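Undergrad: Spelled out from the first residue to the last, the chains are:
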Amino acid sequence: MTEPIHLPADRYFDPDPAQKEIALQLYQQVADKPLVCPHGHVDPRLFSDPDYDFGSPADLLLIPDHYIFRMLYSQGIALESLGVPRRDGGAVESDHRKIWQTFADNFYLFRGTPTGMWLTHELHDVFGVRQKLNSQNAQAIYDQIADCLTKPEFRPRRLFERFNISVLATTDAAHDQLEHHQAIKASGWQGRIVPTFRPDGVVNIDRPDWQENLQALGETCGYEITSYKTLIAALESRRAYFKSMGATATDHAALTPFTCELSDAEAEAIFARALAGIATEDDATRFTGHLLIQNARMSTEDGLVMQFHPGSYRNHNSVVFEKFGFDKGCDIPVPSEFTRNLKALLDKFGSDPRLTLILFTLDETTYARELAPLAGHYPALKLGPPWWFHDSLNGMRRYRDQVMETAGVYNTAGFNDDTRAFPSIPARHDLARRVDANWIASLVVRGIVDLNDAEAMIHDTAYRLAQRAYKFA
Amino acid sequence: MTEPIHLPADRYFDPDPAQKEIALQLYQQVADKPLVCPHGHVDPRLFSDPDYDFGSPADLLLIPDHYIFRMLYSQGIALESLGVPRRDGGAVESDHRKIWQTFADNFYLFRGTPTGMWLTHELHDVFGVRQKLNSQNAQAIYDQIADCLTKPEFRPRRLFERFNISVLATTDAAHDQLEHHQAIKASGWQGRIVPTFRPDGVVNIDRPDWQENLQALGETCGYEITSYKTLIAALESRRAYFKSMGATATDHAALTPFTCELSDAEAEAIFARALAGIATEDDATRFTGHLLIQNARMSTEDGLVMQFHPGSYRNHNSVVFEKFGFDKGCDIPVPSEFTRNLKALLDKFGSDPRLTLILFTLDETTYARELAPLAGHYPALKLGPPWWFHDSLNGMRRYRDQVMETAGVYNTAGFNDDTRAFPSIPARHDLARRVDANWIASLVVRGIVDLNDAEAMIHDTAYRLAQRAYKFA
Amino acid sequence: MTEPIHLPADRYFDPDPAQKEIALQLYQQVADKPLVCPHGHVDPRLFSDPDYDFGSPADLLLIPDHYIFRMLYSQGIALESLGVPRRDGGAVESDHRKIWQTFADNFYLFRGTPTGMWLTHELHDVFGVRQKLNSQNAQAIYDQIADCLTKPEFRPRRLFERFNISVLATTDAAHDQLEHHQAIKASGWQGRIVPTFRPDGVVNIDRPDWQENLQALGETCGYEITSYKTLIAALESRRAYFKSMGATATDHAALTPFTCELSDAEAEAIFARALAGIATEDDATRFTGHLLIQNARMSTEDGLVMQFHPGSYRNHNSVVFEKFGFDKGCDIPVPSEFTRNLKALLDKFGSDPRLTLILFTLDETTYARELAPLAGHYPALKLGPPWWFHDSLNGMRRYRDQVMETAGVYNTAGFNDDTRAFPSIPARHDLARRVDANWIASLVVRGIVDLNDAEAMIHDTAYRLAQRAYKFA
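Protein chains in written order, with our numbering: chain A, 1 to 473; chain B, 1 to 473; chain C, 1 to 473.
Keep in mind that the hints are not guaranteed to be accurate.
Unchecked claim - Once the Cα atoms are required to be at most 30 Å apart in a straight line, the calculated DSS-like pairs of lysine-lysine come out as:
| no. | chain 1 | residue 1 | chain 2 | residue 2 |
| --- | --- | --- | --- | --- |
| 1 | B | K348 | A | K328 |
| 2 | A | K185 | A | K151 |
| 3 | B | K98 | B | K323 |
| 4 | B | K323 | C | K343 |
| 5 | C | K243 | C | K185 |
| 6 | B | K343 | A | K328 |
Said to hold, decoys possible - Ranges of calculated distance between the beta carbons of each label pair, as one might list FRET restraints:
| no. | chain 1 | residue 1 | chain 2 | residue 2 | range |
| --- | --- | --- | --- | --- | --- |
| 7 | C | D125 | A | R354 | 38 to 44 Å |
| 8 | C | R354 | B | I5 | 34 to 40 Å |
| 9 | C | N452 | A | A473 | 55 to 61 Å |
| 10 | A | K98 | B | I5 | 57 to 63 Å |
| 11 | C | D282 | A | E179 | 55 to 61 Å |
Just so you know, these hints were derived from the structure itself, not from any lab. Owing to the predicted nature of the structure, the values given are computational and were not obtained by experimental measurement. The C-beta atom is built at its ideal place from N, Cα and C for all residues, glycine as well.
Please build the complete structure, drawing on both the sequences and the hints.
TA: This is how it looks when you write it as structure tokens:
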């Protein structure tokens, strides 16, 4: 069976002809604008080595992508058979053509999913595939991609330029020396790759790898982190270094958005208990909550934009975690509460013009109830785009529906792709720009905004809001 | 006033002409396919007696239907005046024409409700009514239905065949001897009516009727249930019997989705306290949570599909409960949490290929936040269709909107009608098939799936997903 | 730049031509019907003084409107620069032309917001503005409004008549003598302005101003309120007085919807602790919960309709609260739970035909999960319209989507504008009537209701439901 790949020019727009026409017109104004990528997980080594090799099509597109293998796993396909490496080094499928075939045989599972939409776009636009992937043509398409990957124009730097990315932020641990960022700078290549300071590893004392991370941070700093006070000093010095390397932002994760302020003595006592391995769950919650306020304080001083991503229950499936480790598609959201939890931080810095705090959530119920009212009041707050599971056609629509009327467009932070799958970046921005165009067109056909406003808004949502919120402009 | 009954051929589809045309085309491919009914509350005695008589139109359509009488009650109409029997046997309205007239006088209350839509379809298609029900024509329509009900073609078995039902699952208590299912088998009639094993009565120790149910189970088993150990043995033997009678599934309800594993000693201790009438609320929660894991374990052994329906606060109105008893339209949903609550069960059996666990919820906030991510990862999990209050045009749309992108269509379990109102079954399936067709058409007109995929999907959602999830195929 | 103000005749309707035509037709049937305003915060002194002067355009439209200044504040514009008075009497901007200019310079922030829609309508229809507000024309439009405000036809009573308001309810504290309502009556003017009894100040013992309010109530009553028993007596006598002044309703706010019944002794003990300044948080919650039941009891006796508005965390930003006081755009919603919390009240009075309890929420997750099932069962319950942040185009759509199928239209209480911005009233009702017309048209084009039903429904939603729920008819 041969079917053409399905990627109509007016895709993702609502069907009403009047709205579609306006949406298309708005979309075309920004379709080719540079991509602003202020938050993501692309590995900087892709750009430090000018000859970086992506490996096989499975190496590039399947094995590292938990969006893809979690869906296959959910239908009973073992992660081993998809080549996902085991922590114990045990055998997993090493025939990448076989892995690709399994994926192609089950590609129907992605019908109507964002992964399916991104991948279809990516196969078509990046690799020139023209047939819909299926069991019969799987190996031919594998060959086509593999052939592309041998060519110089498929080196990451060349793709970065072809994708028209104006800036790409990576995410990096507090102890990271940023050697790859240094190498990129040193190479003279002009692509703007900036680090993001993410100190979760040394801040969340309940992580199994906390002591390890602390030691790594100490080694980077040149002194041992033996107290809360030295931790604060280390964070401040690392932030300064990240900033000197081009960072404009930090990023923070926690199970809940709880914030609270501790006295130095309390903070030292918890730190001591954590070092001794006797900290309680409550200690961890309070320490993280306090460090969030400390990081907000640092942001008012050094100007780094603060991002906060609470609400993911990591490694929910202990069977998978034990065998395969972190980031294996089994992080599951929990309900979040922002109004009470953020109050301590906001009372202190929410009205401080020096702070930008960008909030993300996996709990959509907080959009209209808590986040939009908060962002529509506090000068420091902006709302990040729909995150993770909600970074989808419907998820984006729900966000615009529930956030914009109360928060206002100008208290949102534009789009970010949040991806580790580098070649999917154009597909993700394209989808977001189409959703924006369709949303703004829906306001036009309802007489809510006029065409002049609409034209301003599409440029704002497509790249200007992100540029401003992350201080790239 | 005479108005024609309003039931346009393209009803329930979105108004955009392009989408409507595709929706209609998809709908027509499955409109006449057999109805798969894997979960419901139809009384099996309808089919054990070939001459079963439905009684009056009020007996059939109003008195047992809490969807209908709770709406009338909400507007101040006494349940007594609707013929709903009192627990104390006190007098209630016995003139069924009068009950019908009250209903017709207030039929406008059902504008825009699923009950209104189902009933309109049912009156038209099952009973040939052609006028919209109102105060003036109420008695004439009563006559028309009553006349139908005297005819042989309105016996349940004949309707079952006319409705083109391929399989109908009933819901039956653990102690049930399944005499009616035996009688159906013995009669030689070919209609496939299968039982479902629902052990709530003996598992939820906080029920007022728990000891009663335990005794009934003991009588059925031939030994007294005096310990946790004998309860487990009894459940295992009853499951085997149900399976021998055609059951493919079990069903479980609880106020919350909490699961936890107890030691045998703890379980025995709680059972003993429950027998002594001194179990605490916490005991009840933990015992139910443990029994859920035990039933999952049994499912991995006997292959019965496990259904779980948490989140309903039963008998919320104590005034109504005291006078009229269970199932009187005053069960009200409470918020549910699945991520943490299901972890104990999922760690143990979520990755076990032998388990199918179909989850239902009354808390739609869990669709995108918890259930879709869980179902999109765990091999054992499937999501059941929108349940109860959400089994409606908008409820189904919200479900598709919030579930499908993350879970994927193929981690859902298709439709079930969950009804005790037998003649409403075709109306319910028809509405669901129309909603599916409209949803898939909305993907087509947005360029998300092509027509080939759409045609596969409509057959999946209309009956194949249910067939597979419940192991009927 | 000169642009015409954008206010198309078919605004806010969905774009499908068939639906739009029906929506317009339905809208036109009620566009000119009198406005029923059963709940709001307009100051009654506007009507007691026939020559009441609104002051400057900034006095009328900006300085008192927290919908407007919170959005400007969220973008870093100081409240002082907007003329918002400080508690300490410190200097704030007094040049109203400058305040207006700041607003006009930032009017783009209101794109797509309800405030933007209302204000556009108001400028156009009330003040005859024909240009879209911007930095260039700001002063000219200021002049135009200021000119209007000098004219007799812009006195509140004349606007009340021009707006075609049939009744307007104010909101008044328990101790209020209702002098302005008396003056209106005495003046012979025929406009129907009725008070609403709101006893929060003396019922919520955790308010900082509780003792003050108690004293004021005592002064009004002519005896000191020294016990729970005297408080109850005072409330009963004030309710009777309000009723004699035309009130048909009471209004109640609380952080949560918790209700519980206390013995007289418990209530007295808590009251004594509150008087002594040693009441706990739990005391406050229980006392408020008990007083809600007491007020419901009083409603069954005096027939006043009971409104309940739980779920707002007041004065969230302590920086703003300390400087500017109450109602400064920093009240933020919290999650609410109704099923368990209201049970005590509903068991007692939920089935009582003498009670009408109208519920509001800021937590939309409760619409489909709790409120619609509760309202679709309990005779005493009606659901109020979408409140505050949700009183918007999308918020209203979500409400109709999630409430109507389960509760039924006839268990809702129609629209209210809930505003202190008197000249925005026509804009708010117009938007609501358009949303209703569009919603009902969406049912017609989907074949869910026929045109006869639709025509009845638009009159119900536009004014009849509110009239009946609040006993104005």
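Undergrad: Going back to the hint list, which numbers does this structure go against?
TA: Hints that this structure does not satisfy do not exist here, as all of them hold.
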